[in-house]
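Start from chain A and add chain B according to the hints.
For the record, the sequence lines run as chains A and B. Using this note's numbering, the letters of the first sequence map in sequence onto residues 1 to 788. Using this note's numbering, the letters of the second sequence map in sequence onto residues 1001 to 1068.
Rather than coming from a laboratory, the hints here were simulated on the basis of the structure. The beta carbon of each residue, even a glycine, is placed where N, CA and C say it ideally should be. Don't take each hint at face value.
[Claimed, not checked] No farther apart than 16 Å at their CA atoms in a straight line, the calculated lysine to aspartate or glutamate pairs in the EDC-like style are these:
id: 1; chain 1: A; residue 1: K204; chain 2: A; residue 2: E182
id: 2; chain 1: A; residue 1: K685; chain 2: A; residue 2: D402
id: 3; chain 1: A; residue 1: K440; chain 2: A; residue 2: E513
id: 4; chain 1: A; residue 1: K40; chain 2: A; residue 2: E292
id: 5; chain 1: A; residue 1: K106; chain 2: A; residue 2: E173
id: 6; chain 1: A; residue 1: K776; chain 2: B; residue 2: D1051
id: 7; chain 1: A; residue 1: K383; chain 2: B; residue 2: D1031
id: 8; chain 1: A; residue 1: K358; chain 2: A; residue 2: D325
id: 9; chain 1: A; residue 1: K380; chain 2: B; residue 2: D1067
id: 10; chain 1: B; residue 1: K1026; chain 2: B; residue 2: E1062
id: 11; chain 1: B; residue 1: K1015; chain 2: A; residue 2: D750
id: 12; chain 1: A; residue 1: K108; chain 2: A; residue 2: E85
id: 13; chain 1: B; residue 1: K1068; chain 2: A; residue 2: E335
id: 14; chain 1: B; residue 1: K1063; chain 2: A; residue 2: D390
id: 15; chain 1: A; residue 1: K585; chain 2: A; residue 2: E513
id: 16; chain 1: A; residue 1: K70; chain 2: A; residue 2: E335
id: 17; chain 1: B; residue 1: K1026; chain 2: A; residue 2: D772
id: 18; chain 1: B; residue 1: K1015; chain 2: A; residue 2: E741
id: 19; chain 1: A; residue 1: K649; chain 2: A; residue 2: D624
id: 20; chain 1: A; residue 1: K776; chain 2: B; residue 2: D1031
id: 21; chain 1: A; residue 1: K383; chain 2: B; residue 2: D1067
id: 22; chain 1: B; residue 1: K1057; chain 2: A; residue 2: E784
id: 23; chain 1: A; residue 1: K531; chain 2: A; residue 2: D573
id: 24; chain 1: A; residue 1: K312; chain 2: A; residue 2: E628
id: 25; chain 1: B; residue 1: K1063; chain 2: A; residue 2: E784
id: 26; chain 1: B; residue 1: K1026; chain 2: A; residue 2: E787
id: 27; chain 1: A; residue 1: K139; chain 2: A; residue 2: E173
id: 28; chain 1: B; residue 1: K1024; chain 2: A; residue 2: E784
id: 29; chain 1: B; residue 1: K1024; chain 2: A; residue 2: D325
id: 30; chain 1: A; residue 1: K721; chain 2: B; residue 2: D1051
id: 31; chain 1: A; residue 1: K747; chain 2: B; residue 2: D1014
id: 32; chain 1: A; residue 1: K747; chain 2: B; residue 2: D1031
id: 33; chain 1: A; residue 1: K304; chain 2: A; residue 2: D656
id: 34; chain 1: A; residue 1: K383; chain 2: B; residue 2: E1062
id: 35; chain 1: A; residue 1: K99; chain 2: A; residue 2: E168
[Unchecked claim] Computed footprint of chain A on chain B, listed as stretches where at least three residues anywhere in the stretch have a Cβ under 8 Å from a Cβ of chain A:
id: 36; stretch: 1008 to 1016
id: 37; stretch: 1020 to 1027
id: 38; stretch: 1030 to 1042
id: 39; stretch: 1047 to 1053
id: 40; stretch: 1057 to 1067
Next come the chains, spelled out residue by residue.
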Amino acid sequence: MDLDQLLEISNQCIHSEPPVCVASCPVHMDVIAFVSEVEKGNFSGAYKIMESKIPLSRLIGKICERPCEKTCVRSHAGGSIRIGELEKSVITFGYSAPKKPLLLPKNKGNIAIIGGGLSGCVAAIELDKKGYKVTIFEKSNRLGGRLWEYVSNGLEACDIEEELGMIEQKGIEVHYGIEVLEKTLPAYFERYDAIYLGTRTWSKSYVVDPHSFQSENPALFIGGYLQNPNAMTIESASSGKRAAVSIDRYITKASMTASREREGVFETKLHCTTDRVASVESVPLSASTYREDEAAAEASRCLKCQCDACIKACVHMQRFNITPDRYIRSICHNERIVLGNRTANTMINSCTECGLCKAVCPVGIGMADIIHATRESMVKRNKMPLSAHDFALKDMAFSQSDYFSLVRKQPSKEASKDLFYYPMIAFSAYARGLYKGSGKTGYLFYPGCQLSSTHTDYIGSIYKHLVGVIKEKDAMNDVGLFLGCCGAPADWAGRGDLMHDNVEKIRQTWEEEGRPTFILACSSCASTFAKYLPMIQTVSLWEIFDTYGLPEVDIKKGKRELCIHDACATRHDGKIHESIRNIVKTLGYSVQELEYSKEKTKCCGYGGLVACANPEQAEDFAADRIRESDPDVLVYCAMCKDMLVKGNKRAYHILDVIYANETDQSSPQKMPTLSDRQNNRKRLKRQLLKEIWNEEEEGSMDPTYDFTLHISDEITALMEKRFILLGDVEKVVANSLSRQERFFNPKSSDYLARLRIQNVTYWVRYEEAGRDITVKDAYMHRMEVVEG
Amino acid sequence: MNDQIDKTTEWVCDKCRQALVPQKVKVRYLDGNFEVDLLKCPTCHMVFISDELAMGKMLEVEKGLEDK
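Only chain B is shown next, with the shape it has when bound in the complex:
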């Protein structure tokens, strides 16, 4: 999924008022476990997922795992 992930963004964490930074994040679905670089708040660790990522590559990977 890495090729679709933004390295920077205008979005900031509202609570911590921190700029988001790319970091390795664990994602899992069914039998799949991955580590991917995603933007997250360095303080509260809330992870940012854009519409394009969720409905694009993530959906594709979900469907792929469902057919495994």
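Isolated chain A, as found in the complex:
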């Protein structure tokens, strides 16, 4: 992984990008933090925020021309936030006199400020703070320049005097009545390390850099009115502040330009809109200044502009309280660590790789590809936590084993001749399809492992339906069957090695079968094929249903409303979205679209193997989706149904609806256990072989035991949570019985046995009554205990 490239992406994230009000403020007052304090009624806190950015804030805060208000996003929804009025109110209620300044040694250099106007005073204060010995030369008998124009027009003379009086209290020397001229300037250069020129007029015109305020004489800096006669007061103050930064850099021989791109007014990349914002009018002033409650009400109108589209949409980012920019930095840190804990592992394995963040991001940053690359890198470096994906990968191996894996051509005409008698041929499209058998496999139905695990009994019917409808219209092409796993779990786990082998096997089968079109029923299969097997033409089962017709099933009267939860793997597949909606409407349902649907759909929580690596995070995803859905949910991915039903939401797979198997509203829905799912896959293969291909399996591959296990619902739930299969429990018990390797508790008469199976030690506590074994506990550890 190229971490530098990754960091480059993180820099594009605009989550931390300032709002337009701050970007248009020459001194970058943190408006959001400021209004937030006002909203809370913390006026002194709000004043501190003003003070930290606005020089002479007690004065400028009252007379600032408020460029922030002109750009305020709220202006399109009830009027800009009256930031200027809020500042006045904050000065009234939150101002407190600054603590007496500590007189620190001023030994960084000597600076002369020529002209004690606004910008000169600001430059003097800033340089004094930085540790310079500052001397102001003012032509008149008072400091402040243009500030005095505001007396009785926003400012009180006594306030100006008090504020400016503090300049001398800080230890800044002020010489009144001294007019410096161009001809006397060289003498000042001899006595001072740098000079700031902030007079209203000057006899010579200098070329001034508009960013650094440095003139062609490198020790001379010019700001205020002289540099920009049209400047607003806040710009003038800003110029003094920025010139002080330049003078400090000049004297310390630092770069004049580095990291200063965004000083002063700049353009933010954050563009917020009021599309979904209700209009709220400004709070009117009941007197010359807002009262505290009025100010708080006005502050509460602030939209607090920030880009958080991905965070709002994603419970993963919410759970880890992270933004893409920080996320990427955490990944880089995690990847670079040599010694110590990789603290981001769990987070990296809790992303569903669903792609929603990218779909909602205004600058197109997506975490899915980054997470995928990170997981692959972790696997390659042997740093992927073993337990995160172990169960899912073992389950995938099961799907690829002879227990489930199967490839068959359409039963030949010859082999099916028993079906070809009158009523059968007349009434069964399937029999007619077989009769038209061409021997050329044009299509391979690939139901996928999870649909076969949880919706086992539909697969045979679907296959027969496909043979019927496809052969009816396309006599040349037979429909074969391929049971297996596309490899999605390996892909999610970052196991490029397993993925490569699996893809190669599928590609070989495709070649051997004469390059048929795959009919896919699982959205994860669809995305895996698109990503790894682009040479294979695929079509979704739903499109086939939509084009060739649905199985003939009695449509129930009085259908209801459903909301459609689109599968995240189909995010960019408009054809599937359309087919699903067509089918549902054909069946008489009305559809309620969710806010996050189609290309902006949310993941159910199964994606990215999150249900395996971080079950709590997976539950967040399901709960989030359920909160959004009022009517029952229609899904077309077996795993989505599983996750939503487990979250106690009534959900139907589209096949439930097509085959009119919506369960009774009053009975709770139940999904098969992990063990059921493996058994269902085994059973499906056996059944299909027998029913369609008339093949009997030679001898069962399963071991047989001479005991009967009894497992309560409670223990079954515990086993599910701990990813313990019934088969594992059976093996432990069988081993303990045959070898008497077990502990006995004389008090409870329970037995406790253990067995290491591959890389896990399973423990089972049970009660034995003849051949009846009642399981009372099951647990496991990966750590290997060396006995002996």
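Frame of chain A; chain B shown alone:
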């Protein structure tokens, strides 16, 4: 892990009919090798691990080693 390990138990080894005794036992996972006191049968050396230990401290140590 020692603080969580029982020093005595009601469990006995079914085959050897022996009470379990605490002894140093080697455990390993990934790059981690430890010696801990665990209850075992003094005759056949079968080691006893409780649910609390397996799903508690052992799991925690496993996760810690996985993140190393």
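Taking the earlier hints as the rules, which of them does this structure contradict? 12, 15, 16, 17, 20, 29, 32 and 33
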